[in-house]
Amino acid sequence: MPGLGFWLCLVAAAAAAVGLCNGNRNCPDLVADSCLCAAERSKGPGRQTLRIKVVCSGGHLAETLPPAWLPNRTVSLILSNNKILWLKSNSFIGLRSLERLDLKNNLISNIEPGAFYGLSELKRLDLSNNRIGCLTPEIFVGLKNLHKLNLSGNIFSSLTNGLFSELSALKALHFYTDSLICDCNLKWILSWATNSSVRISEETVCAFPRSLQGTSFRNLKENQLICAGPLELPLFELIPSQKQVVFHGDRLPFQCTATYLDITTQVHWYHDGRLVETDEERGMVVEEAIIHDCCLVTRELILSSIDIDATGMWECMISNSYGSISKQVEIVVLETAAPYCTAERVINNKGDFRWPKTVAGVTAYHSCFQHSLRSASFLNG
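Those letters in the sequence shown? Residues -23 to -1, 1 to 358, by mature numbering (1 follows the signal peptide of the UniProt record, and there is no 0).
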């Protein structure tokens, strides 16, 4: 019967064949306990070398691992399905052999310039399904051999002209998002892709304007990418959005949030068609516009002590160099001694209705109960 030494050798041989284990002889310098390491011999003629794949997927990483924790011969690094929030400059410095980097399905919203510096052999980069809104050419510095880039599933609605100037070897590009606006600001991509022999994925389709919704970007003509007509925004939100009944002296804040289109985007407030500006004596403060992640703009209006003349329509208008769009909400201001309609209960052939105590002059509504056709036929039968 084989002894213990035989079985130990057999297990060691199986582990070496599979090449998956933490801290095995192929990856003695892998420090991260939550990662798996696989190693295989390179194919083809000539001297064979170990190609190492490190998988740190499906965990709770809030940031990338220090490069010193990884084998310096790592060829593939999988960091998908974690909770990574941002990529610092030189996040992967020292991983000179890296050819594939997978960062999909994280929470990345900020990428510092030079985040991928030192990855001169990188061929595939997947940044899909994150929260990236700001992208600049400086982010991609050093990726001179990158062939495939996936940016789909992020929150940007447009891409800056010249964004891929550092990616001279790029051959395949994905950039679909739920808010992708196919207008004149993306016209440059068509000519750049043609001149650089870059293939844009079939799945990269337009979300806006509605006339191009669902159209594959690579099938568009330049004359279809125009900036004209009424603005169509992926997001435009006014809070509160419903009619407000308030008392004289009350405080009422408004917030207007919309997709940030370009540097000409502006947000203004109007009251009954008149531009609203800060007037502290009247208790009106218009805050400065704030841009979030290069893709959203917010501006607040605060009425700190509402006067009777604030009754009317309040409007938030979003505009840029080629159009505008607005949303309104009505305010009704009452004196503090305003009369009330008393609570009342009404029972009739339409149902049992309880009317709450309501400020006089404001119309209250109740939905009438309706029998279904099936119920009606049953009752009549």
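It is possible that part of the hints are untrue.
[Unchecked claim] Simulated restraints, written as ranges between beta carbons of each label pair:
1) V8 - S281: 28 to 36 Å
2) K327 - C204: 27 to 35 Å
3) R228 - S11: 33 to 41 Å
4) T255 - T313: 57 to 65 Å
5) I267 - E98: 35 to 43 Å
6) S281 - S11: 32 to 40 Å
7) R251 - R228: 39 to 47 Å
8) N87 - A149: 42 to 50 Å
9) D239 - R101: 51 to 59 Å
10) A149 - K220: 33 to 41 Å
11) K121 - D10: 33 to 41 Å
12) P207 - T113: 27 to 35 Å
13) T255 - P186: 55 to 63 Å
[Unchecked claim] Lysine-lysine pairs mimicking DSS-like chemistry, simulated, CA-CA at most 30 Å apart:
14) K60 - K121
15) K220 - K125
16) K100 - K125
17) K304 - K327
18) K100 - K148
19) K164 - K30
20) K60 - K148
21) K81 - K65
22) K125 - K30
23) K60 - K81
24) K164 - K220
Honestly, the hints are just simulated from the structure, not real lab data.
Ideal Cβ positions, reconstructed from N, Cα and C, are used throughout, including at glycine.
Status of each hint after checking the structure:
In this structure the hint that V8 and S281 lie 28 to 36 Å apart at CB is violated, the actual value being about 56 Å. Distance hint check for K327 and C204: the Cβ-Cβ separation is about 53 Å, which falls outside the suggested range of 27 to 35 Å. At roughly 50 Å, the beta carbons of R228 and S11 sit outside the given window of 33 to 41 Å. The beta-carbon spacing between T255 and T313, approximately 26 Å, falls outside the hinted interval of 57 to 65 Å.
For the pair I267 and E98, the beta carbons lie near 40 Å from each other, so the given range of 35 to 43 Å is met. Take S281 and S11: their Cβ atoms lie about 51 Å apart, and the range 32 to 40 Å is violated. Our hint of 39 to 47 Å for R251 and R228 is violated, since their Cβ atoms are close to 21 Å apart. Taking 42 to 50 Å as the suggested C-beta distance range, the pair N87 and A149 does not conform, at roughly 25 Å.
Separated by about 31 Å at the C-beta atoms, D239 and R101 break the suggested range of 51 to 59 Å. Separated by about 51 Å at the C-beta atoms, A149 and K220 break the suggested range of 33 to 41 Å. In this structure the supplied range 33 to 41 Å holds for K121 paired with D10, their Cβ-Cβ distance being about 34 Å. The hinted window of 27 to 35 Å between P207 and T113 holds, with their beta carbons roughly 30 Å apart.
Restraint check, T255 to P186: a C-beta distance of roughly 35 Å breaks the suggested window 55 to 63 Å. With a CA separation close to 28 Å, the supplied pair K60 and K121 stays within the 30 Å bound. For the hint linking K220 to K125, the alpha-carbon distance of about 50 Å lies beyond 30 Å, and the restraint is violated. This hinted pair checks out: K100 and K125 have alpha carbons roughly 6 Å apart, not beyond 30 Å.
With a CA separation close to 36 Å, the supplied pair K304 and K327 exceeds the 30 Å bound. For the proposed pair K100 and K148, the alpha carbon gap of about 10 Å is at most 30 Å, so the pair holds. Among the hinted pairs, K164 with K30 is inconsistent with the structure: their alpha-carbon atoms are about 39 Å apart, more than 30 Å. Between K60 and K148 the alpha-carbon distance is near 29 Å, which keeps this suggested pair within the 30 Å criterion.
Note on K81 and K65: the hinted pairing holds, with a Cα-Cα distance of about 17 Å set against a maximum of 30 Å. The straight-line distance between the Cα atoms of K125 and K30 is roughly 18 Å, inside the 30 Å bound, and the hint therefore holds. Of the supplied pair hints, the one linking K60 and K81 holds, its CA atoms being roughly 10 Å apart against a limit of 30 Å. At most 30 Å may separate the alpha-carbon atoms for a hinted pair to count; K164 and K220 exceed this at roughly 41 Å.
Hints 1, 2, 3, 4, 6, 7, 8, 9, 10, 13, 15, 17, 19 and 24 from the earlier list are contradicted by this structure; the remaining hints agree with it.
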